[in-house]
Structures are given as structure tokens and as C-alpha cells.
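*Asks:* Sequence:
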Amino acid sequence: MKYSKIIKKYLPSFLIGGAIVGGVIGSATVWGAGIPAITVSDDGSSYSLSLQILIMMTALTLLPAAFMTMTSFLRVVIVLALLRQALGTMQTPSGQIIIGLALFMTFFIMAPVFNQAYEQSVQPLMAEEITMDVALERASGPFRGFMMDQVREDDLAFFAGMAGVDSFESEAEVPFSILMPAFMTSELKTAFQIGFLIFIPFLIIDIVVASILMSMGMMMLSPMIISLPFKIMLFVLVDGWTLVLGTLASSFLVN
728 MKYSKIIKKY LPSFLIGGAI VGGVIGSATV WGAGIPAITV SDDGSSYSLS LQILIMMTAL
788 TLLPAAFMTM TSFLRVVIVL ALLRQALGTM QTPSGQIIIG LALFMTFFIM APVFNQAYEQ
848 SVQPLMAEEI TMDVALERAS GPFRGFMMDQ VREDDLAFFA GMAGVDSFES EAEVPFSILM
908 PAFMTSELKT AFQIGFLIFI PFLIIDIVVA SILMSMGMMM LSPMIISLPF KIMLFVLVDG
968 WTLVLGTLAS SFLVN
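Following the working numbering, the numbering of the sequence shown begins with 728 at its first residue and continues without gaps.
I should point out that these hints are in silico values taken from the structure, not numbers from a laboratory. Predicted, not measured: the structure shown is a model, and the values here were computed from it. Ideal placement from N, C-alpha and C gives every residue a C-beta, glycine not left out. Mixed in with the good hints there might be a few duds.
Unchecked claim - The calculated label-pair distances, taken between Cβ atoms and stated as ranges, are:
{"no.": "1", "residue 1": "M783", "residue 2": "I934", "range": "51 to 57 Å"}
{"no.": "2", "residue 1": "G891", "residue 2": "T858", "range": "30 to 36 Å"}
{"no.": "3", "residue 1": "I952", "residue 2": "L980", "range": "39 to 45 Å"}
{"no.": "4", "residue 1": "S821", "residue 2": "I939", "range": "29 to 35 Å"}
{"no.": "5", "residue 1": "I780", "residue 2": "S949", "range": "53 to 59 Å"}
{"no.": "6", "residue 1": "V892", "residue 2": "I939", "range": "17 to 23 Å"}
{"no.": "7", "residue 1": "V892", "residue 2": "P820", "range": "39 to 45 Å"}
{"no.": "8", "residue 1": "A899", "residue 2": "S949", "range": "53 to 59 Å"}
{"no.": "9", "residue 1": "M941", "residue 2": "L787", "range": "24 to 30 Å"}
{"no.": "10", "residue 1": "E898", "residue 2": "I953", "range": "28 to 34 Å"}
To be verified - Restricting the straight-line Cα-Cα distance to at most 25 Å, the calculated cross-link-like pairs of lysine to any residue (SDA-like) are:
{"no.": "11", "residue 1": "K916", "residue 2": "I825"}
{"no.": "12", "residue 1": "K916", "residue 2": "R879"}
{"no.": "13", "residue 1": "K916", "residue 2": "E846"}
{"no.": "14", "residue 1": "K916", "residue 2": "Q847"}
{"no.": "15", "residue 1": "K916", "residue 2": "A890"}
{"no.": "16", "residue 1": "K916", "residue 2": "Q823"}
{"no.": "17", "residue 1": "K916", "residue 2": "F885"}
{"no.": "18", "residue 1": "K916", "residue 2": "A937"}
{"no.": "19", "residue 1": "K916", "residue 2": "M783"}
{"no.": "20", "residue 1": "K916", "residue 2": "L980"}
Between the sequences and the hints, there should be enough to build the whole structure, so can you do that?
*Replies:* Below, the structure written as C-alpha cells:
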């Protein structure tokens, strides 16, 4: 009974939130296919079990792409990869650990968005108060707002210009076909800016160690081998993991 309450409390934010992201992307394709509905109610209402299963399968298929295009995952995973490269620890932490840490950081950062989408779309849909198309439309709202808060105006204007659109009267008029690439471009820029700031102290250590080795005539000894313990010590002394992850979490504007 205890575990069932815990699962019931936290499962929507983690699983249903991800399914909503994939469902938003795949909704246009699914609804355009014209699949006949299978009614399960006595009055013949359009409660389609087969269509809901198909949408859920589509959401699961598109879930990896959705996490990269509509959430904070892209920025987090790039910054963590650049941090590992700046430290010079090769494969430590491993790629699986970086992906796992980035995934759960994404759940932490996106929790308000997932909860808002769940309350606005999934709960009314499960209570049969709204239809599936209305639920998908409501679910897209929180994710659209999140991406609009992070996207740069020049990136949005660039892709809008490439699409032949001059301007938008409101955020709701920005199509996902323009918003997604603009959001990803903005995330790449921000991630590389954070990565540059992370590289600076470790680069200084490498330069100092290389200069000392050259002055001592020890040019055959790799500076990276000598500088690695000092970089790890510096990272531990400043509580680097808390600093980096805290900076990443606070860099997102989540209402």
C-alpha cells in the first residue's frame, strides 16, 4: 500500500509528462490518418480506445526526440559533456552516467511544466471531461510557454524569416515547426557559453603546468597527466558538482 501511494504520487510527473511531450509532436500525424474510432460507451460517444493506444505508442516512439527538442535536456547534457572534457578525465564519468544525470535533472527542471500539463490535459481527459484533441492542445501550452521563455528573439526571427513569416501577433501563433529549431539553436548557444566559462579555470591550470614543465626541461612528460590531480582537487574544493548543477537549474526560466 505504501509503495502504491508513492507510485501514484510521482508517476504522472515522470512518465505522463514525457508521454505528453511525444503526443504533442505526433498529434498532427495521428489525427490526419483518419483511423476509425471504436466506441466503448453505451451512447456511442467518440471515446476511442484504439486511437488512444496508437497515440500512446506514437508518444513513446517520439519520446527521445521530444526530450531533445522541447525540454532542458539538450543544454544540460552538452554542459556536462563539456565539463568532462574540461577536466580531462576521458571517460569518467561515463556517457551513461552523464545521460542519466541529464535525464533526472531534466525531470527536476521540467517538473512544474509536466505538472501543469498533467493538470490541464491528462486529468480532465481521464475524467472524460474533454476530448483527446482538446487534451493535446492544452498539453502543448505549458511546453510552448517554456520554450518561448528560453528562446532568443534573434533565433526565432531567423527561422521565421526562413519560413517566410514576418512577425507573430502572439506567442500562440508561433508554430512548432519554427519554435523547435529556434529553441534548439538557443539552447546550443547557451550551453556553449556555459561550457566556455567552465573551461577557463581548468585551462589556466593546464597553461601553468605546461609552462612549469617546459621551464624544467621536462617536455617529454604530458602536462595533462600532471594537471589532472590539480583540476580534480580544484573541482572538489569549490564543490563543483553542486555549483554546475545549481547554475544549470537556475539558468532556466520556469514559471
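*Asks:* Now tell me, hint by hint, if it's right for this structure.
*Replies:* Checked hints:
1. For M783 paired with I934, a C-beta distance near 54 Å keeps the hint of 51 to 57 Å intact.
2. Between G891 and T858 the Cβ separation comes to about 33 Å, which falls inside the hinted range of 30 to 36 Å.
3. Separated by about 42 Å at the C-beta atoms, I952 and L980 satisfy the suggested range of 39 to 45 Å.
4. The supplied range of 29 to 35 Å is met by S821 and I939, whose beta-carbon atoms lie about 31 Å from each other.
5. Take I780 and S949: their Cβ atoms lie about 57 Å apart, and the range 53 to 59 Å holds.
6. For V892 and I939, the Cβ-Cβ distance of about 57 Å falls outside the hinted range of 17 to 23 Å, so the restraint is violated.
7. Between V892 and P820, the C-beta spacing of about 43 Å keeps the proposed range 39 to 45 Å intact.
8. A899 and S949 have their C-beta atoms about 56 Å apart, which keeps the hinted 53 to 59 Å range intact.
9. Under the hint 24 to 30 Å, the C-beta atoms of M941 and L787, about 56 Å apart, miss the expected range.
10. For the hinted restraint 28 to 34 Å between E898 and I953, the CB-CB distance of approximately 52 Å leaves it violated.
11. Taking the CA atoms of K916 and I825, the gap is near 20 Å; set against the 25 Å cutoff, the hint holds.
12. Distance hint between K916 and R879 is fulfilled; the C-alpha atoms sit about 10 Å from each other, no more than 25 Å.
13. At roughly 32 Å between alpha-carbon atoms, K916 and E846 are farther apart than 25 Å, so this suggested pair is violated.
14. The suggested pairing of K916 with Q847 is violated, with an alpha-carbon distance near 32 Å, which exceeds 25 Å.
15. Of the supplied pair hints, the one linking K916 and A890 holds, its CA atoms being roughly 21 Å apart against a limit of 25 Å.
16. Taken as a hint, the K916 and Q823 pair is honoured in the structure, with Cα atoms around 24 Å apart against an allowance of 25 Å.
17. Simply put, K916 and F885 have alpha-carbon atoms about 14 Å apart, close enough for the 25 Å limit, and the pair holds.
18. Restraint check for K916 and A937: the C-alpha separation of about 30 Å exceeds 25 Å, so the hint is violated.
19. This hinted pair does not check out: K916 and M783 have alpha carbons roughly 33 Å apart, beyond 25 Å.
20. A C-alpha spacing of about 16 Å is found between K916 and L980, which places the hinted pair at or below 25 Å, so the restraint holds.
The structure does not agree with the numbered hints 6, 9, 10, 13, 14, 18, 19 stated previously, though it agrees with the rest.
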